[in-house]
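S.K.: These protein sequences, in sequence, are chains Z and S. Those letters in the first sequence? Residues 52 to 374, by this note's numbering. Those letters in the second sequence? Residues 715 to 859, by this note's numbering.
These are computed hints drawn from the structure, not numbers from a lab. It cannot be assumed that every hint is accurate.
Said to hold, decoys possible - Some chain S residues close to chain Z (C-beta under 7 angstroms, calculated; not the full set):
1) L722
2) S725
3) D752
4) R755
5) G757
6) G762
7) S763
8) R765
9) P792
10) K793
Backbone N, C-alpha and C fix where the C-beta goes; we use that ideal spot for every residue, glycine too.
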Amino acid sequence: MVEQTLHNILWLLVYPGFIFTLAIGVIASYVVRKVSALVQWRVGPPVIKEGRILQSFYDIIKLLGKETLIPRDAQQIVFLAAPLVGFAGVLLLSTMLWRISFTGQPYIGDIIVAMYLSILPSLALILGSSASASPHAAVGTGREMKLVMSYELPLALAFIVVIIKTGGTLNLAAIAASEPAPIWSISGFLAFFLALLCIQAKLGFVPFDIAEAETELGSGVLMEYSGALLAIWKMMQAMMLVALPLLLVMIFLGGFHVSTPWLTLVGILKYVLILVLIILIKNTNPRVRIDQAMKFFWVYCGIALAVAVVLAMCGNYYNISWL
Amino acid sequence: MSWKMWSLKKSPWVFHVNSGACNNCDIEIVNCLTPKYDIERFGIKLVGSPRHADALLVTGVVTKQAKPRLLEVYRQTPKPCVVFAIGACACDTGIFRNGYHVAGPVDKVIKEEDPNAIVVFVPGCPPKPEAMISGVVKALAALPA
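Given the sequences, and given the hints that come with them, work out the whole structure.
M.R.: See the structure below:
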């Protein structure tokens with residue numbers, strides 16, 4: 052019993068949970084910055100040389116050591132608790148996904164739990180920024196709320212396509228093990244591509260960085276956060292950069308398996324593929340306005356995904372696996 | 715060296731305050747971000763909120779209108795932080811020396827609020843991006859361990 056509890060805590064805090072995910076996430080966020088710089092013909096943040104570690108680690112360590120200021124008018128408890136809530140959500144999500152990948156053990160209510168946990172960081176961001184009593188953050192909050200409402204519907208529809216394709220199972224381990232992977236069909240590919248755009252919005256990357264809007268809102272939702280609290284937000288965003296692509300890999304690309312070294316390599320390549328796609332979309336698009344984003348997600352993505360759902364149901368009915 | 719200073723020196727995020735500049739220094743600051751100079755090489759990042767910043771880049775002479783705002787921004791910046799006085803006007807009021815609207819050079823104004831503030835001077839009209847990068851490097855070397 053005690054051993055089991057210790058084992059669970061180890062899972063959560065060290066190996067596939069906190070430290071492992073954070074390390075991968077920090078490396079991934081460094082890659083995002085470096086590749087963005089190279090696209091713009093800059094040198095970008097420094098590489099690891101003698102006596103240097105990755106730039107993103109320095110950023111987080113520095114923020115942890117800085118003074119944490121709380122605005123006088125802020126709702127203190129919510130302001131302080133919001134980063135922890137978001138962080139807890141993404142920590143649980145990543146631990147759950149890694150655990151399913153590493154052990155293949157199912158978990159009751161998989162895909163729905165994953166969806167709820169992946170909304171938690173956005174909700175925490177809305178709570179924290181609206182508690183910070185800053186007009187810039189208030190504008191950012193409004194935009195974040197509209198953005199969440201826009202992308203959650205297409206994302207849910209994209210997952211429904213996969214659920215239909217894999218015969219109605221909600222179990223992530225079963226979806227990850229399904230043959231062939233859902234992406235090898237017209238409806239699955241459509242759902243994957245649109246879910247990728249939803250993930251882009253969830254991560255707050257260009258073209259959907261409307262809520263953070265560095266150039267016009269200061270830092271929007273994160274405006275009033277400083278020091279250790281900002282470090283928690285940054286860690287949360289770094290871990291999302293691991294958890295959300297991993298969720299896509301498990302649902303659309305046939306999962307991340309570790310039974311043989313070859314399969315592990317294939318799994319890593321799948322993750323890198325999604326990361327590369329995200330960086331490409333980030334660097335080739337300007338920011339859209341919030342009304343454009345809503346129209347894009349509800350009208351265009353909504354219609355395309357409705358078509359995908361119909362295709363998937365037809366494919367299921369007539370037993371055509373490529374539809 | 716404490717871990718706080720060690721990491722601060724590797725990742726100084728800067729916030730840009732215009733306290734009454736003619737926009738010349740501001741253009742040169744933005745020039746530091748372009749592919750030619752690219753200060754992200756040193757881990758420096760321009761941030762949008764003083765609460766995220768480790769250094770304030772103050773350009774221009776501090777006018778009477780701008781003084782309370784500058785002090786407010788300084789109070790909002792988490793410490794430890796460094797104030798950079800960029801350009802001749804910010805360093806020593808420049809051609810506005812006896813102007814009716816001048817509250818003083820940046821270091822005097824900041825030291826009214828916090829006598830122990832670390833102020834770095836980068837003179838020039840406007841200072842070249844090379845001069846600013848050199849100023850940042852010297853300031854980081856001079857920071858207490």
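S.K.: What are the numbers of the hints the structure violates, in ascending order?
M.R.: none
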